[in-house]
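S.K.: So the protein lines, in turn, are chains A and B. Residue 41 in the working numbering sits at position 41 of the first sequence, and the numbers go up by one each step. Each number in the working numbering corresponds to the 1-based position in the second sequence with 1000 added.
Bear in mind the hints are in silico, worked out from the structure with no lab data behind them. Treat the hints loosely; a few may be bogus.
[As the list claims (entries may be wrong)] Cut-off 30 angstroms, straight-line C-alpha distance, at most; resulting in silico cross-link-like pairs (BS3-like, lysine-lysine):
#, chain 1, residue 1, chain 2, residue 2
1, A, 65, B, 1324
2, A, 173, B, 1003
3, B, 1228, A, 57
4, B, 1198, B, 1184
5, A, 57, B, 1274
6, A, 173, B, 1516
7, B, 1516, A, 180
8, B, 1248, A, 65
9, B, 1324, A, 57
10, B, 1002, A, 3
11, B, 1492, A, 65
12, B, 1574, A, 98
13, B, 1264, A, 57
14, B, 1531, B, 1495
15, A, 141, B, 1574
16, A, 3, B, 1248
17, A, 57, B, 1003
18, B, 1315, A, 3
19, A, 98, B, 1519
20, B, 1516, A, 98
21, B, 1531, A, 98
22, B, 1003, A, 3
23, B, 1263, A, 173
24, B, 1002, A, 173
25, B, 1550, B, 1575
26, B, 1263, B, 1248
27, B, 1516, A, 118
28, B, 1472, B, 1403
29, A, 141, B, 1003
30, B, 1547, B, 1574
31, A, 98, B, 1575
[As the list claims (entries may be wrong)] Ranges of calculated distance between the beta carbons of each label pair, as one might list FRET restraints:
#, chain 1, residue 1, chain 2, residue 2, range
32, B, 1399, A, 139, 50 to 60 angstroms
33, A, 112, B, 1292, 49 to 59 angstroms
34, A, 139, B, 1179, 44 to 54 angstroms
35, A, 139, B, 1040, 22 to 32 angstroms
36, B, 1522, A, 139, 17 to 27 angstroms
The beta carbon of each residue, even a glycine, is placed where N, CA and C say it ideally should be.
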Amino acid sequence: MTKNIMIVGVGGQGTLLASRILGNAVIGAGLDVKVSEVHGMSQRGGSVVTYVKYGEKVQSPIVDKGCADIILAFEQLEAYRALPYLKEDGRMIVNNQKINPMPVITGAAEYPEGICEKLAEACDLTVVDAAALAAEAGSIKAVNVVLIGVMATSTDIPYEDWIATIRSTVPPKFVEMNVKAFDLGYHLKG
Amino acid sequence: MKKLMLGNAAVARGAYEAGVRVVSSYPGTPSTEITENIVQYEEIYAEWAPNEKVAAEVAIGASIGGARAMSCMKHVGLNVMADPVFTVSYTGVNGGLVFCVADDQGMHSSQNEQDSRHYAKASKIPMLEPSDSAECKEFTKLAYELSEAYDCPMFLRLSTRVSHSQSIVELEERRGDALKDYKKDPAKYVMMPGNAIKRHVYVEERLRRMQEYAETASINTIEENGSKIGVISAGIAYLYAKEALGDKADYLKLGMVYPLPEKKIIDFAAKYEKVYVIEELDPVLEMHCRSLGIEVIGKEAFTLLGEYTPRMIAKAVLGEDGGKVTELGEPIPVRPPVMCAGCPHRGTFYVLKKLGLNVCGDIGCYTLGAVAPLSSIDTTICMGASVSAAMGMAKARGDEFAKKTVSVIGDSTFIHSGITGLIDIVYNKGINTVIILDNSITGMTGHQDNPTTGYTIRGEETKQVNLLTLCKAVGVEHVVVADPFDLKGFEKVVKEETQREEPSVIIAQRPCALLKSVKYSGHCTIGADCKNCKLCMKLGCPAISIKDGKPFIDESQCNGCGLCTGVCPFGCIKKED
Ligand SMILES: Cc1ncc(C[n+]2csc(CCOP(=O)(O)OP(=O)(O)O)c2C)c(N)n1
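Here chain B stands alone, though its shape is the one from the complex (with noise of 0.2 angstroms):
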């Protein structure tokens, strides 16, 4: 059977073709789809991990266990996981290992765009790059295949386009799915450095059967059309070459980015005048190809930065300049993301505005509070930062300045990597107060439950992380409960906290707007009364613009929520049913 599916979706169904039991992930975009498609295959345990450490480990026990796993996280969650992965390079297999990596080139949903790549060279452990949606489940299916004949965890590497794209998959049968036998072997499993040094040997030697295997590899294809010019391109990028080139360049298509079958690059790049590396990102492959003596063409061709187009490569290659393009030239206001009406999040930060503190912010729906009319975050680096960087700004400046700045962190980022921070705080005496932004969701990446919500990924109820209890447990003792649409309320909370000589947390609670639990009805309007102050255009509400020289709500965008009703110093907004 044909089906049009996701990338994202075709690696789900690769893991179920291969007769995976385990998934275990963190969600993350552009990769969150492909652990949300395996819940509809009830024969493999799915699961959301608290981070990405945990869920790489959760599959390294499954594969020791004898069982095919998978886990799969964005680039920066490859960071979180990073410890165990490296060494599980050494340890090797029992049941088929596959770390499914995305990338974002172009950073639609990121906080940086580093090539993960490195990551297989650093680790030792191979990796394939599909396409499209058929590579996706055929290269997933491989990926398994080899994992158990090499001893050895496999990486899968995904981007933004492969990921969120749907292309034509043909579905075929799940294989059986036997559980290996598990057997004690503390010299393989055991990485102590007496075991781990044996080990070691064992990767290089792997490593180099790799590469000859990548040398005949099915995957590693060449593609003759009689030209003069040599494209060696792998992914995304080898699609946008081959549109952008069609039968004007012969190509060499990596479906293996890593370890590179070296005679087959330096045979193919001999028979060509020019040869040209197509890559998004770091010069990764361009620069082994140098190492190996060949001449290629590469970044001083092609960028470092972003997504390619078809239309660059053929500017870049062929001297081509494409269809003919309209502009008009007149400047078109950008429209950035947004918090939605209704957002929890959006009486935090207008309180936070008005006290005028730092703010130390995180990765999530909220850090849109960055962003004008709100603009109060100063600092955003990766999840679970906000916690620990205020910590340090605090040492560094003191404790005047602790007393002006807070955390904001979402409940399933302070799962992830928070908590610590919180923990460093408490045993190392520092006065912070952290503001946890419950919204009884994981938001930005679309509503994954979490070790907070009470829910498992296929919505089964289950303990739910009480977060007042766990605060209090690591030792501290102010810890509030506020609602952050009670702005007076929670106005005074965040006062009262800030000032205190000892660390303090408040959970700002409120559901997201967007889930289905929340009914908010009716609409807002401002009454002809209206003083003009426009102190309710602060809020940067989508629903709320200036139309005729005054503030305006626009039934359409307004979900009744009433933030804006507390606002209005005059009284002149109500909600109507």
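Looking at chain A on its own, in the form it has when it is part of the complex (with noise of 0.2 angstroms):
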């Protein structure tokens, strides 16, 4: 069985590196993986999708509705719209930032309220105050890698794993603060 996970969020808000990082944390694990990623126009402050599939044999890169086994989503209404790809039992993660799309801007759509509260009563939910534990972790920057560290404990990819590609992954003097980073969301409860 391939595990299927989807990452999705605003353009700019760092999904690619999330994507990244997970991708190599499985190749790391020996196992076969694809991981279909976004560029270009929608990268400027849209919604961006990145999916990540792996297992013993991946065919596809993408992620079909009602197939994600994990959707972390970096921002409140990108969860909202991506829990049609959710699983029936598949586990939902969602950062408790909200961004405001231009027609919420500019006054023609509102920004639903009591999203968590909604997605709560649809389906296993895991919200993070992802900004709070980056800043504990040492840099706002970090959201992504706490974000893949809640992220974990649902995938059976060993923690060394995970350690070893973030190493290889950032830059040097950024390793411990993203260790930490990782770690505070690796450890959370809830």
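Dock chain to chain to rebuild the complex, using the hints, since each chain is given by itself in its own frame.
M.R.: Below, the structure is given as structure tokens:
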């Protein structure tokens, strides 16, 4: 069976790096993997979606509706938008940040109320204050690594492979901070 | 060594391993990272050309000169380079020559959804189509072998999901990159009628031989699972089909999508009760099958539009519905891309909207000036069309209309194909005003240098095309440089230049806010004395939204560019450090 992971967020939030860390951690564990990324137009503050699939043999790089084992959302509205992709028994992990999209800014639409409450009723949900944990680790920029840490507990990839991947992906002077950020996510209660 | 690689990076690796020496491209999503990845291989000369036609011609020249060469572009880039492509099919090659063209099913970053396979057929150039990164590398190398063996340029067709997906690739060594001898051979390389007539004979003969090759090519594979359903597919669509149908179907996977192995297809199809052709976009394979008299199911079961998914294929072929989908039914606001906080284009469009001008737009980050609240672009067709279409509008509707109309075009796009339109305006006595949005970089495709930035693809300093002298040199007498963040000054310049009875150019100069050299600091705040006039909301800045009925600046989104401080008529917005 392949494991299907979907990472969603807003262009510029660092979802691409998150999917690359995930992809490399998997390859470290010796599995087949495909990572589908988004480049170009939508990176300019639009909705961005990346997929990571791994297992014995992975065919297509995309995740269909109703097929994601895990959705890692960097932003609440994007989590809400991605819900149809979650498997019935899938896990949704949401960073509690909210970023208004342009139609909300211009007043043409409203940002839905109580997204986390609605999601909690619809699926297995973990809400993370990733910004606070990242700040605790030493940099607000480590939000993506905190979230990866939370997600790591739902995969069968060994802890050591994650740490090794972080060490090989981020610049040396940020390794300790990022490992700390990962740990804070990994050991999150909830 | 095994490595997780983007499809585009794998194509670059394939070029490296194949001994490629020269790569010339123009950026375009989803093809850009091929050439960006070439840069890491010091053995390869790489460049960003001003446009795809130039890029293709540089690659053609390198091939005739004896080197293996490559040019990469997005699907619409192939339109721009089509002219040399059709004729290099006749000349053939010396060193192997491969054109990598990336289609954009689903239009993630494009203005249309054209299917580049039509070009292979029209130009009689063979086309290979990989499904994943490992095949990207393998097919690239094969393309060079075929190119030299058959004296033929080759297409490698990619798509967004192949170009931008990472999968595992096994790295190999680079083969020698010896230059082939250069021999003068006008009968082969000088395409005037007398020679071209003979080369056309060769082209048809070559196509026949390529078709023979296709019959036994190792990249056209059959997978038998003892099913009654046969599937003919290629590229990314094959992986969707495989995931959806698994061993419930047999497959003919075409690694070469032009020319097609007709006998192989006929033999394969004969074995099944039902044969499906599964291909995104146009029914290219399907029509070919039908022309061979094969009964297939194609577009009656699948859409002509956008991307496919495994779920869609399972439904169409097996009637299976797939896992449960949870929808809560509440409308969810869309999140279209927006100009970044600090984007220099924002000032320009704020002014154009305020003045109520007609705006012929072009392609780049600034195309986002078409969306609310800036909503100020009337047309976007293709790169360069802003300038020439405004000329046409003015000729249709007269000078008074021209004075209420401007063209907006980015620096890279202006060099790509705007300059020729400007020459048309000067030569044919137009009076248009062209605004060049000079943000010192090719923004939309992710910060590539271009002839106006003063740096090469490898970041080396080089001569910089001076836009001001360039415009003057073609005969525009009124060329003004203005800062789009000086809203009052910029407005004055636009008013003055549009009123002229002669052509004029405004160079709106301010670098992209995402460039490392740009250092805005601090952030802006709206004071308690805010009169709630909401003028600042007209900027469409992602950092400014309404909170508790009043405009509010989200510090985490604001980069302190300060544009909004000049918009507030009451001076209530202040910049803090
Ligand atoms: C023929 C063609 N080639 C390439 C592209 C891809 N593309 C879209 S916009 C653009 C360049 C944008 O740069 P610039 O004009 O400097 O504007 P900016 O995005 O920096 O505002 C490119 C290469 C295209 N749409 N059409």
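S.K.: Against each hint, give a clear statement of whether it holds in the structure.
M.R.: The hints, checked one at a time:
no.: 1; hint: 65(A) with 1324(B); verdict: holds, 8 angstroms
no.: 2; hint: 173(A) with 1003(B); verdict: holds, 25 angstroms
no.: 3; hint: 1228(B) with 57(A); verdict: holds, 24 angstroms
no.: 4; hint: 1198(B) with 1184(B); verdict: holds, 17 angstroms
no.: 5; hint: 57(A) with 1274(B); verdict: holds, 27 angstroms
no.: 6; hint: 173(A) with 1516(B); verdict: holds, 20 angstroms
no.: 7; hint: 1516(B) with 180(A); verdict: holds, 28 angstroms
no.: 8; hint: 1248(B) with 65(A); verdict: holds, 21 angstroms
no.: 9; hint: 1324(B) with 57(A); verdict: holds, 24 angstroms
no.: 10; hint: 1002(B) with 3(A); verdict: holds, 21 angstroms
no.: 11; hint: 1492(B) with 65(A); verdict: violated, 52 angstroms
no.: 12; hint: 1574(B) with 98(A); verdict: holds, 25 angstroms
no.: 13; hint: 1264(B) with 57(A); verdict: holds, 28 angstroms
no.: 14; hint: 1531(B) with 1495(B); verdict: holds, 29 angstroms
no.: 15; hint: 141(A) with 1574(B); verdict: holds, 26 angstroms
no.: 16; hint: 3(A) with 1248(B); verdict: holds, 22 angstroms
no.: 17; hint: 57(A) with 1003(B); verdict: holds, 16 angstroms
no.: 18; hint: 1315(B) with 3(A); verdict: holds, 22 angstroms
no.: 19; hint: 98(A) with 1519(B); verdict: holds, 26 angstroms
no.: 20; hint: 1516(B) with 98(A); verdict: holds, 27 angstroms
no.: 21; hint: 1531(B) with 98(A); verdict: holds, 26 angstroms
no.: 22; hint: 1003(B) with 3(A); verdict: holds, 20 angstroms
no.: 23; hint: 1263(B) with 173(A); verdict: violated, 61 angstroms
no.: 24; hint: 1002(B) with 173(A); verdict: holds, 27 angstroms
no.: 25; hint: 1550(B) with 1575(B); verdict: holds, 18 angstroms
no.: 26; hint: 1263(B) with 1248(B); verdict: holds, 24 angstroms
no.: 27; hint: 1516(B) with 118(A); verdict: violated, 41 angstroms
no.: 28; hint: 1472(B) with 1403(B); verdict: holds, 20 angstroms
no.: 29; hint: 141(A) with 1003(B); verdict: holds, 27 angstroms
no.: 30; hint: 1547(B) with 1574(B); verdict: holds, 18 angstroms
no.: 31; hint: 98(A) with 1575(B); verdict: holds, 24 angstroms
no.: 32; hint: 1399(B) with 139(A): 50 to 60 angstroms; verdict: holds, 58 angstroms
no.: 33; hint: 112(A) with 1292(B): 49 to 59 angstroms; verdict: holds, 53 angstroms
no.: 34; hint: 139(A) with 1179(B): 44 to 54 angstroms; verdict: holds, 50 angstroms
no.: 35; hint: 139(A) with 1040(B): 22 to 32 angstroms; verdict: holds, 28 angstroms
no.: 36; hint: 1522(B) with 139(A): 17 to 27 angstroms; verdict: holds, 19 angstroms
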